[in-house]
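From just these sequences and the hints, can you work out the full model?
Chains C and A supply the protein sequences, listed in that same order. Number 788 in this note's numbering belongs to position 475 of the first sequence; there are no gaps in the numbering. Number 34 in this note's numbering belongs to position 25 of the second sequence; there are no gaps in the numbering.
The set of hints was computed from the structure by calculation and includes no laboratory data. These numbers were taken from a predicted model, which means no experiment stands behind them. One thing to keep in mind: the hints can contain errors.
[Claimed, not checked] No farther apart than 20 Å at their CA atoms in a straight line, the calculated lysine to any residue pairs in the SDA-like style are these:
no. : chain 1 : residue 1 : chain 2 : residue 2
1   : C       : Lys-558   : C       : Ile-537
2   : A       : Lys-167   : C       : Glu-538
3   : A       : Lys-149   : C       : Glu-763
4   : A       : Lys-167   : C       : Gln-841
5   : C       : Lys-426   : A       : Lys-145
6   : C       : Lys-426   : A       : Phe-163
7   : C       : Lys-466   : A       : Arg-55
8   : C       : Lys-466   : C       : Asn-518
9   : C       : Lys-534   : A       : Phe-163
10  : A       : Lys-167   : C       : Glu-763
11  : C       : Lys-453   : C       : Leu-465
12  : C       : Lys-426   : A       : Gln-134
13  : A       : Lys-145   : A       : Gln-134
14  : A       : Lys-145   : C       : Arg-345
15  : A       : Lys-149   : C       : Glu-538
16  : C       : Lys-426   : A       : Lys-149
17  : A       : Lys-149   : C       : Asp-807
[Unchecked claim] Covered by chain C, per the in silico footprint, the following chain A stretches (three or more residues, Cβ under 8 Å):
no. : segment
18  : 91–100
19  : 115–124
Glycine included, every Cβ here is placed at the ideal spot set by N, Cα and C.
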Amino acid sequence: MSETVPKPDELVQIDYRPPVRDWMHTPVQFRRGTFCYAAAPKNLKYLEMPNPRDWQPMDEDWKLPENWREIILEGMRERLEKFRSFRLFMDICVRCGACADKCHFYIGSGDPKNMPVLRAELLRSVYRRYFTLAGRLAPKLAGARDLTVDVLKEWFYYFYQCTECRRCSVFCPYGIDTAEVTMLARELLNLVGCNINWAIEPVANCFRTGNHLGVQPHGFKDSIEFAVDELEDLTGVRVEVPIMKKGAEVLFIMPSADYFASPHYYTLLGYLLLFHHVGLDYTVSAYASEGGNFGLFTSHEMIKRLNDKMYREARRLKVKYLIGGECGHMWRVIHQYMDTMNGPADFLEVPVSPVTGTRFEHAASTKMIHICEFTADLIRHGKLKLDPSRNDHWKVTFHDSCNPARAMGLLEEPRYILRNVARHFYEMPENTIREQTFCCGSGSGLGTDENLEMRLRGGLPRANAVKYVRDRFGVNLLTCICAIDKATLPPLLDYWVPGVEVAGVHELVGNALVMEGEKPRTTDLRGQPLASIQPPEVTHA
Amino acid sequence: MDPGPPLIAVSAAEREAVVGRWLARVLATYPEQTSRFLAREPDRFRNPVGHALREGLPLLFDEVSGAFDVARIEGVLDEIMHIRAVQDFRASEAVGFIFFLKPILREILAASGATLEALDRRIDQLALVAFDLYMKCREKVAEIRVNEARQRLFVLEKAAGRRM
Ligand code: SF4
Ligand code: SF4
Chain C
314 MSETVPKPDE
324 LVQIDYRPPV
334 RDWMHTPVQF
344 RRGTFCYAAA
354 PKNLKYLEMP
364 NPRDWQPMDE
374 DWKLPENWRE
384 IILEGMRERL
394 EKFRSFRLFM
404 DICVRCGACA
414 DKCHFYIGSG
424 DPKNMPVLRA
434 ELLRSVYRRY
444 FTLAGRLAPK
454 LAGARDLTVD
464 VLKEWFYYFY
474 QCTECRRCSV
484 FCPYGIDTAE
494 VTMLARELLN
504 LVGCNINWAI
514 EPVANCFRTG
524 NHLGVQPHGF
534 KDSIEFAVDE
544 LEDLTGVRVE
554 VPIMKKGAEV
564 LFIMPSADYF
574 ASPHYYTLLG
584 YLLLFHHVGL
594 DYTVSAYASE
604 GGNFGLFTSH
614 EMIKRLNDKM
624 YREARRLKVK
634 YLIGGECGHM
644 WRVIHQYMDT
654 MNGPADFLEV
664 PVSPVTGTRF
674 EHAASTKMIH
684 ICEFTADLIR
694 HGKLKLDPSR
704 NDHWKVTFHD
714 SCNPARAMGL
724 LEEPRYILRN
734 VARHFYEMPE
744 NTIREQTFCC
754 GSGSGLGTDE
764 NLEMRLRGGL
774 PRANAVKYVR
784 DRFGVNLLTC
794 ICAIDKATLP
804 PLLDYWVPGV
814 EVAGVHELVG
824 NALVMEGEKP
834 RTTDLRGQPL
844 ASIQPPEVTH
854 A
Chain A
10 MDPGPPLIAV
20 SAAEREAVVG
30 RWLARVLATY
40 PEQTSRFLAR
50 EPDRFRNPVG
60 HALREGLPLL
70 FDEVSGAFDV
80 ARIEGVLDEI
90 MHIRAVQDFR
100 ASEAVGFIFF
110 LKPILREILA
120 ASGATLEALD
130 RRIDQLALVA
140 FDLYMKCREK
150 VAEIRVNEAR
160 QRLFVLEKAA
170 GRRM
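Here it is as structure tokens:
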């Protein structure tokens with residue numbers, strides 16, 4: 314510790330028990346820049362969700378249904394019975410404080426209610442009041458409090474200020490997952506129509522057309538064709554992308570941002586080159602045109618409703634199995650919920666790579682593998698012609714997106730790929746990557762511009778580690794495998810670490826792939842000139 | 010422009026006392042539990058805010074008492090202002106921590122008369138630099154907000170452009 318820090322004896326022991334009066338009785342202030350706008354009534358109506366109305370969080374009157382308290386308490390009772398984990402999480406926290414300083418929102422904002430232990434306490438205090446004997450008899454002693462409109466507002470503010478990243482749960486000795494507490498709190502808020510548009514609109518769109526932006530089938534086809542044309546301009550190779558081809562071996566599902574946003578789009582170009590390179594018999598679908606599932610940020614019921622289309626489309630198209638793209642929370646849904654909600658997918662086969670023969674046993678039940686697993690396996694078997702010097706203009710680091718890292722343990726594959734397709738790769742400090750990765754600060758539906766200030770606070774720990782490798786090694790590219798990251802890290806870095814760009818892993822794969830019949834590559838997939846324009850140095854990894 | 014000679018000689022003990030007290034007061038602008046965390050967690054990656062203050066404040070004090078090199082000052086202040094510009098502070102609160110230095114210097118340094126006035130002037134100037142940086146950060150936030158919306162429709166816009 315540096316000599317300038319006040320001596321420990323000047324500071325009292327840190328006490329993680331909530332200071333009773335303080336936090337329980339201070340109503341939240343909705344300051345612009347630090348919260349998300351309310352869901353538009355048309356979206357709620359479309360989804361047949363309760364209490365559609367015009368309102369905003371900064372309004373005094375939230376236009377709640379008259380019996381809102383009964384609705385919430387009844388919803389709580391129901392969920393306490395249905396999810397054993399919920400009751401456990403409400404009961405077993407010993408307030409040891411191990412999680413307290415692990416949340417990026419706490420680290421960046423300094424707001425104590427962003428300590429995971431206090432965030433959960435917002436709900437726990439109400440649980441105690443209505444569902445435990447001690448809380449009913451002696452609420453003050455038990456740390457219990459009445460459910461009031463102010464408490465509801467506080468829930469809204471802080472549960473839409475948790476990105477459900479699960480970093481805190483890595484440190485909890487009891488395995489309490491505050492992300493799940495947030496999920497349940499949001500589910501309760503949804504019962505009385507207190508939800509955010511940035512989560513509900515994608516859900517409504519997805520339900521209507523199959524993807525977050527509400528792109529219709531012809532728009533989907535246009536975007537894909539546009540990418541195919543551009544790819545031909547860039548590489549001289551014309552790839553074929555079968556749309557809704559019945560009987561293809563693989564259904565490939567990507568996050569929709571890959572075909573309409575930047576820098577995601579360059580990752581799409583990478584996938585398309587890869588599939589062409591190995592001659593994969595695959596198809597994409599305008600119906601299952603979204604890997605993302607904002608149901609995860611809404612309710613269990615909604616997760617199920619949205620996830621269902623993947624399996625349905627796989628069945629309709631009679632494919633053998635699924636490959637999923639560089640999407641973050643999609644993998645949490647697939648890894649942790651899909652099988653029990655909509656599975657088992659008996660009509661599909663255990664994924665086997667047609668190129669290497671590798672059988673992906675770990676996906677024996679979900680029948681869906683991650684594109685990084687597929688690609689890493691190809692590289693491992695020397696099936697890709699790669700020229701990593703084509704990524705020499707990038708000094709690369711890798712951000713573990715929360716969900717692939719913490720919800721499915723995908724840690725090595727992306728690194729293995731990066732080391733084979735690029736020659737300058739640098740890790741960020743150990744306590745900021747892998748399981749301990751810091752969130753982008755914008756996940757779980759919070760990545761909207763009205764919430765930018767809060768996102769910049771929450772993203773500080775991530776950006777701070779990027780800054781370290783930029784200053785130390787000259788890193789100029791942050792790679793990741795999540796669509797929300799690709800949308801929200803560029804503004805984050807623009808603020809905290811200017812000069813570092815963001816890319817998907819498969820964009821770099823696409824740059825490095827030496828395609829049969831290609832014209833001399835003078836630019837990368839972004840159209841930027843390559844660092845050294847020489848005949849390719851081919852390596853068989 | 011060459012930075013000038015030091016304004017006042019400061020012993021190591023005085024420096025430690027000034028900087029320690031200043032840091033404690035800046036940390037006290039955060040809620041109580043948080044100020045303890047910011048003071049105690051030594052890891053710069055787990056505690057970027059505390060780290061920026063611990064590293065930055067001593068250097069700023071060195072400039073105030075020493076050469077007052079504005080370029081160096083900006084380099085150090087920039088990180089701190091980036092943080093305070095997006096935290097829950099009003100503009101006056103975000104910048105105001107600079108002025109905490111005035112009473113602290115009076116208590117600890119044996120300065121008086123012209124030297125004290127000169128120190129005060131430097132602190133005022135430091136606050137103005139901080140305010141400029143604060144405004145730049147706020148403008149940046151506004152600019153980012155506008156750009157972000159455009160990236161989200163990148164392909165659709167590009168494709169539409171091509172068809173026209
Ligand atoms: S899940 Fe992530 S955002 Fe939510 S409380 Fe835990 S660390 Fe914070
Ligand atoms: S680490 Fe677990 S038991 Fe300890 S305070 Fe946090 S949630 Fe409670």
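Discussion item. I'd like to know which numbered hints this structure contradicts. Please list them from smallest to largest.
Written reply: 5, 6, 7, 8, 10, 12, 15, 16, 19
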